[in-house]
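Since the structure of chain A is provided, determine the placement of chain B on it from the hints.
Same order as they appear, the protein sequences are chains A and B.
By this note's numbering, the letter at position 215 of the first sequence is numbered 904, and the numbering carries on one by one without gaps.
By this note's numbering, the letter at position 11 of the second sequence is numbered 203, and the numbering carries on one by one without gaps.
Quick caveat, the hints were computed from the structure, so don't treat them as lab data.
Do not rely on the hints blindly, as some may be mistaken.
Covered by chain B, per the in silico footprint, the following chain A stretches (three or more residues, Cβ under 8 angstroms) [unchecked claim]:
1) 775-784
2) 902-910
3) 913-924
Treat the numbers as computed from the prediction; the structure is a model and nothing was measured.
Yeah, the Cβ is synthetic: ideal placement off N, Cα and C, and Gly gets one too.
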Amino acid sequence: MPSPIRSSSSSKAVPDWPALFGQLEAVARTPLLRQFYARGAVAGDTPLSQVRFVALDLETTGMNPDRNGIVSIGLVPFTLNRIQCAGSRYWLLKPRRALSAASIAIHGITHEALQRAPDLSEILGDLLDALAGRVAVVHYRGVERPFLRRAVRERLGDRLEFPVVDTMEIEARIHRGWKNTPLVRFLAGLVGRQPKSIRLAQSRDRYHLPLYGAHHALTDALASAELFQAQVAWRFSGDTPISEIWH
Amino acid sequence: MEVEQIEIRNHLQQHPPFSVLSEDRVEQIARQVEIAYFRAGTQIVEDGQALHDLHYVRSGSVEIYRRSGEIHNRLGEGEIFGQLTLMTGKSARYSVRALEDTLVYFIPEALFRELLEEEEAFADFVEVENRTRLRQAASVRAEASEFATVRVGRLVRSAPVMVTESTRIRDAAATISEHGVSSLVIVADPAEKATGDAPMADLQGSPMIGIVTHEDLVTRVLACGLDHDRPVGEIMTPDPVSVDAGNFLFEALNLMLRHNIHYLPVMSRGELIGVIDLADVVGLETQNSLFVVRNIFIRDSVEELKELVPDMSASFVRMVNEDANSHMIGSAMSSIGRSFKQRLLELGEERFGAPPVPYCFLALGSMARDEQIMHSDQDNAMVLHDDYDPKRDGEYFKSLANFVCEGLAEVGYRYCKGGFMASNERWRQPLAAWKKDFSRWIQKPKPEALLHGAVFFDLDGVYGDTRMADELNAFSAEQASQAPRFLGCMARNAQNRTPPLGFFKDFVLEKSGRYAKTLNLKRRGTAPMVDVIRVHALASASQSQNSFRRLDDIVAAGFLTSGMAADLRDAMEFISIIRTRHQAFAIEAGRTPNNNIDPETLPNLERRSLKDAFTVLSNAQKFIKFRYRA
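With the rest of the complex left out, here is chain A (with noise of 0.2 angstroms):
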C-alpha cells in the first residue's frame, strides 16, 4: 500500500479557511456570499471522517474563465461514508458566452436547451447553499472555482472563494515519484493533454470503479465523489487532516 502522501509542493499557500470565511464575510457586499461565509468552513485540523463534501462540476464551452461560459452544474454531498444521491443537484444554465459546435458535440446540450435554461444568477443561491460548510471535490481545480469565481465577480461584483479538494492532484502526487524519465514526461505529456473527463476515467479504473459516461455534469461529479472515496481508503486514512490536501 502506498504511503500516505504529504501535503502538495503547490505554489501557493493554501489558506486558513475559517478564517478567510470570516475576513470574507465582513467584506462581503452581498447578502448572499454574507450568508455564504456566515456559514463557516470546516476547520484545517478536522480529519476526514468528520469532514461533509460535495463533489461538483462544471461542463464549460471552454477552458478559459474569461473568455468561457458554464453550461451546466452537477453536485452531490457526500461523506466518507456514504455519497447522497438524494441531495444531488444539477442545473443546466445558459452560457453569457456562444457555445462552439465542438462543445455541443461533447456536451451532447443542444442549443434550444440552453435557450430554455436560466442564467446563473437564477440558481446562484441554491448553489451557495449546497456548497456552505462543505469542502469541495473536484476533478482539475483549474476549472470549477476560477469559473465560478469570475461568474459571482461578473453578476454580483463579489467575490466567491471556497475550499476544494483536487481528485486529480491526488493522482498525481501518487505518481511523481517516477516523473523525471524523458519517458515517463512524453507519456504524463499525453495524459495531460486528454480531456478532463477521460482523465477521471483513468483514474477511476486504477481503483477499480466502473466506466460511466463522460461530460455529463452530475455524473462527473458523481465520479469524483467515488473516486475521492476510494482514493481515501487506498491513500489516506479517516483521521488525515483535511488540510493535508485541500486547497
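For chain B alone, coordinates are given in the frame of chain A:
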C-alpha cells in the same frame, strides 16, 4: 431541473428485481441511492449490525460469511443482499466483506418497504431470492422448491408412538415425555383383557383410532382439572385426518390449514408410518398458493370468493416464474379449485341446510388428476347415498348443485360444454346408479360414448363422504382391467388426436382462423398424452388419478418398461411446462391465456425438444394401438 442519475438508473434497470420496475420507479430509486466504496478485504456488514438499507453490488464482489465462519454466499455485480434482514426486522446474522474493490449502492429501508408494498413483481423476486439463497445455503440443488417436490414420507423421522385407549392419562403423558414426542397415536385395546400396559411393539400395526397431542394434555386435562387416571381415549381426537406418504408437502400443509390441525398421521399403503407436525412442514418453506387456499375458507359469499381470482392468477404466474414443475403447478391449482368447491358446498349447506342423505361431490378430469392449469372447464358430478329418495331429497341436491356450479362459474370455471356437471341431473345420482353406469361403459363399450365419457375415469372425491368416490374408483379400476374390449375402445379413442408433426418431423400448424400458424399444446399435446397414460393405467387397475403417479403404477404392474415410462414422463413434463409458461406470459401481459403457441417464438433448443416430446407421444400412440387391440 429534474436530477437524473443516469448511470445509477441504467445499471439498476439491467438487473432484477429492478429490471421489472417501470422507468419512473427506477428513476425514483436512482435519486435516493446512497453509495460507498469498499477496498478489497474491508468489512461491509458486521455480524449483529442493524441494517437500514438494501445493499446492491454495483461493481466488484462480496463474500457473505455465516456466524460459524464458513462462506455462505458470494455475490457479484447487480446482486443484492440484506433483504432478509430488512424483511425480518432483525439485525444481520452474517458478515459481509469486499472480495474485490467494490462499489455498493444502498437503497434506504423506507424505499425498500415502499417497493415491497407497491411492486408485486419486486416483492416476489425478493422473496424468491431469499428462498434461493436459503437453498444454496443448505447446498440443496433442487430444481423447484423442496416444498413442492418433497413427499410427506420423507419427513417421517420415527415410528409412531402408540398407546391403547384405556391407558391412563398420566401414563400417556409419561410416554410422551419418555419418547420426546409431541403426539401419541391411540389404538384400540387388544381383544383380550384391556390392561393398557401392552408393550408398544405389540401395538405396531394395530389400526389407529385417535390421536392425542401435548396440547390436548394441556387444554383437555390440565385446564379442566381432569383426573389423570382417566383413560386417554376420553381426551383423544377420534379418527384424525391423515395424509398419504406419497403426497407432497404442500398437500400436507393444505390439509393442516383446511382442518386447522397441527398434527398429521402419515399413512403408507394403508398403514400408519408416523406423525408429522406443522413445524416439520412450515420449517421448510411457505407457498403462495396456500394463502389463496386459506383465504378461500374465510370467505362468506360467492362475491367474496370472486375477489380471490387475481390472487389465484398471481400464484400461478409466480410458480411458473419460480420454475416449479408441472406436477407442482397442477397440484397447487387443483388444490385451489378443490377449495373453491369445498367452500361453495359449505356455503350451500349453510343456505339449504344439512344434507338429507350423505353425498360426495366429485371432481372429474384435470382437477381429479391434479393437473389443472389456470381456469378450466368445470367437470364435476355428485354421488348420493343409496338411501336417496328423488321425491324427498331431489330438490335439495338440485339447489345445492346449482349453487355450486353457478358459484364456480362466477370464480372463473367455465360451464362444461359436454354438460358433465353436478347441476345436470344425469350426473347427480346414487352410488348404485353410478356403478351401473360404469359397468355398462366398461362391459358394453361404445367408442363415441367413451370419447367424452373419459373424464369419468379421472375421478376424485372432493367433499362429503369421499369413501363413496373411493369405492367407485376401486369398482371401475377392477372392472376395467379385466375388459379388453373396453381397453381397446379407450386405446382407439386415445389415438384420435395426433401430435402436430409432419412426415419430415416438421410442425404441422393450424392453417387458418384465429390460431393460424400456431399449434395447440393441449389438444395435440397434453390431452392425448393423458389419454394414452389413462389407457395403461386402466389396464394396470391403477387407482391413481395423476398421470405421473399412474406411470409409477403402470411400471409396477409391468405394462410399460421404466424406460418407456421415463420418456413419457419427460415428454409430458416438457409439453406441460411450455404450455403453463405460455399461459403465464399471457396473464402477465394482461391477455386471456390460451393453449396455442407459435413454435417460431421458442428458442431453437426448446423447439427441438418439443419435437422430441411429440415424437414420444406419437410412438406411444402407435404402441397402444398394437398393445390394446379391441
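Structure versus earlier hints - violations, ascending order: Every hint satisfied by this model.
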